[in-house]
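Q: Sequence:
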Amino acid sequence: MAQKNIKVLIVGSDSSVKGGITSVINSFLDYKWKNVYVELHPTYIEGKVINKIMFFLRGICKYIKKLINNDFDISHIHMSYKGSFIRKMIVVKLSKFFDKKVILHLHGSEFEVFYNSSNKVVKLLIKNTFESSDKVIVLGEKWKKTIQKIAPKSSIEVFNNAVSLPTYKVKWNENNINILFLGVLIKRKGIYELIEAIKILHKQGTVKEKNLKFIIAGSGKEEYAIKSLISKYELDYCIDMVGWVDKNKKKHLLKISNLFVLPSYNEGLPVAILEAMSYGIPVISTNVGSIEEVVKDNETGFIVNPGNIYEIVDSINKLVINEKMWEEKSIKSRQLIDRDFNDEQYFYKMEKLYWEIFQ
Numbered sequence: 002m003a004q005k006n007i008k009v010l011i012v013g014s015d016s017s018v019k020g021g022i023t024s025v026i027n028s029f030l031d032y033k034w035k036n037v038y039v040e041l042h043p044t045y046i047e048g049k050v051i052n053k054i055m056f057f058l059r060g061i062c063k064y065i066k067k068l069i070n071n072d073f074d075i076s077h078i079h080m081s082y083k084g085s086f087i088r089k090m091i092v093v094k095l096s097k098f099f100d101k102k103v104i105l106h107l108h109g110s111e112f113e114v115f116y117n118s119s120n121k122v123v124k125l126l127i128k129n130t131f132e133s134s135d136k137v138i139v140l141g142e143k144w145k146k147t148i149q150k151i152a153p154k155s156s157i158e159v160f161n162n163a164v165s166l167p168t169y170k171v172k173w174n175e176n177n178i179n180i181l182f183l184g185v186l187i188k189r190k191g192i193y194e195l196i197e198a199i200k201i202l203h204k205q206g207t208v209k210e211k212n213l214k215f216i217i218a219g220s221g222k223e224e225y226a227i228k229s230l231i232s233k234y235e236l237d238y239c240i241d242m243v244g245w246v247d248k249n250k251k252k253h254l255l256k257i258s259n260l261f262v263l264p265s266y267n268e269g270l271p272v273a274i275l276e277a278m279s280y281g282i283p284v285i286s287t288n289v290g291s292i293e294e295v296v297k298d299n300e301t302g303f304i305v306n307p308g309n310i311y312e313i314v315d316s317i318n319k320l321v322i323n324e325k326m327w328e329e330k331s332i333k334s335r336q337l338i339d340r341d342f343n344d345e346q347y348f349y350k351m352e353k354l355y356w357e358i359f360q
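The number in our numbering is simply the position in the sequence shown, starting from 1, with 1 added.
Any given hint might turn out to be false.
[Said to hold, decoys possible] Derived pair list, reagent style DSS-like, types lysine-lysine, alpha-carbon separation capped at 25 Å:
| hint | residue 1 | residue 2 |
| --- | --- | --- |
| 1 | Lys102 | Lys325 |
| 2 | Lys325 | Lys209 |
| 3 | Lys172 | Lys214 |
| 4 | Lys5 | Lys53 |
| 5 | Lys83 | Lys102 |
| 6 | Lys49 | Lys8 |
| 7 | Lys35 | Lys101 |
| 8 | Lys172 | Lys121 |
| 9 | Lys350 | Lys101 |
| 10 | Lys94 | Lys150 |
| 11 | Lys170 | Lys214 |
| 12 | Lys66 | Lys101 |
| 13 | Lys252 | Lys170 |
| 14 | Lys319 | Lys333 |
| 15 | Lys222 | Lys19 |
| 16 | Lys121 | Lys150 |
| 17 | Lys211 | Lys222 |
| 18 | Lys121 | Lys146 |
These are calculated hints, taken from the structure and not from any lab test.
Please read these numbers as outputs of a predicted model, since none were measured by experiment.
Taking the hints into account, I'd like the entire structure generated from these sequences.
A: In structure tokens:
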């Protein structure tokens, strides 16, 4: 007798929403599962507030219908913070009312800040939402400890984000060094600190001496202000703002880049960092979220403190003047992804979790 497929409903943002969570959800939809059928049920879309509310309400109505008809076995709910928590809390409550199995997948970023700044009622709701879920997935050991403090009775599993290993590995090019920033253009991502670091590198003469080209890929509410700052500092000659990029454009940018910089103030475990390292690109990032579980300081790149512009400058200088150092970190970056952050291992483990919950 053939083994039945588990039907998993992925609850999260619409595929049109830009960001790392969408990338993770798309990887679930693209993966060729053996005994699992996955379907996306979006509850969030970008746009005007009224459009967001109406989209969510329609999504909830459709979700209730699916619950009544028993259209799926497991609800795999992807959650961030603030409004995302409120929406997903409602989904969790509805699911448990219908006795449906729930996996709550936390994409960290500023969730701890959100929790600490919430009132007692919201904190209690957060605790209850985690503890009423059958499983809580977090992006690293650091996040596991955080959620254990918030909701001690939660059943927590660590699933680091994962990517496929490309056949292509980047090469050193001392005549043309491209440094890539890939992410939403908001203050939390440390984009202003990167611009200030580039200004210092320009004054030091490193930009022209090493022919550095900084590629900023992404869009967001700080985009206009960033462009104005670049013009003010007269850095247009070495910074290329390419806007938001699709999957194919992103692959092209990774292939032509030598360094990846993401000086964030809060993160979970950015897929963009994993993607960069899978191509053999050393990474300069911060000691927030679960980043240190993949960016090993002075091994696969450099870890800097959030907001420390001079540490960013120093790290870039070290890597652009030392080909041997760059090559060592390039090789180790790719090896680490292949060993610990490979998507085949990730989805094999995820399918086991689905069956464990379903049975």
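Q: Hint check: lysine 121 vs lysine 146, CA-CA at most 25 Å. Holds or violated?
A: holds, 20 Å
Q: Are the Cα positions of lysine 170 and lysine 214 separated by 25 Å at most?
A: Cα-Cα ~19 Å, so holds.
Q: Given the hinted pair lysine 94 and lysine 150, is their Cα-Cα distance within 25 Å?
A: Cα-Cα ~22 Å, so holds.
Q: Within a Cα-Cα threshold of 25 Å, do lysine 350 and lysine 101 meet the stated pairing?
A: holds, 21 Å
Q: Does the structure keep lysine 35 and lysine 101 at a Cα separation of 25 Å or less?
A: Holds, because 22 Å separates the two Cα atoms, which is no more than 25 Å.
Q: Does lysine 49 pair with lysine 8 here, judged by a C-alpha cut-off of 25 Å?
A: This hinted pair is violated, its Cα atoms lying about 33 Å apart.
Q: For a C-alpha distance cap of 25 Å, please report whether lysine 5 and lysine 53 respect it.
A: violated, 36 Å
Q: For the pair supplied as a hint, lysine 83 and lysine 102, is the alpha-carbon distance within the 25 Å limit?
A: Given pair lysine 83, lysine 102 holds - Cα atoms ~24 Å apart, limit 25 Å.
Q: Is the Cα-Cα distance between lysine 172 and lysine 121 25 Å or less?
A: Given that 25 Å is the threshold and the Cα spacing comes to 53 Å, the pair is violated.
Q: Does the structure keep lysine 211 and lysine 222 at a Cα separation of 25 Å or less?
A: Given that 25 Å is the threshold and the Cα spacing comes to 31 Å, the pair is violated.
Q: Under the criterion that the straight-line Cα-Cα distance not exceed 25 Å, is the pair lysine 319, lysine 333 satisfied?
A: holds, 17 Å
Q: Holds or violated: lysine 102 and lysine 325, Cα atoms, limit 25 Å.
A: Violated, because 51 Å separates the two Cα atoms, which is more than 25 Å.
When each numbered hint is compared with the structure, violations occur for hints 1, 4, 6, 8 and 17.
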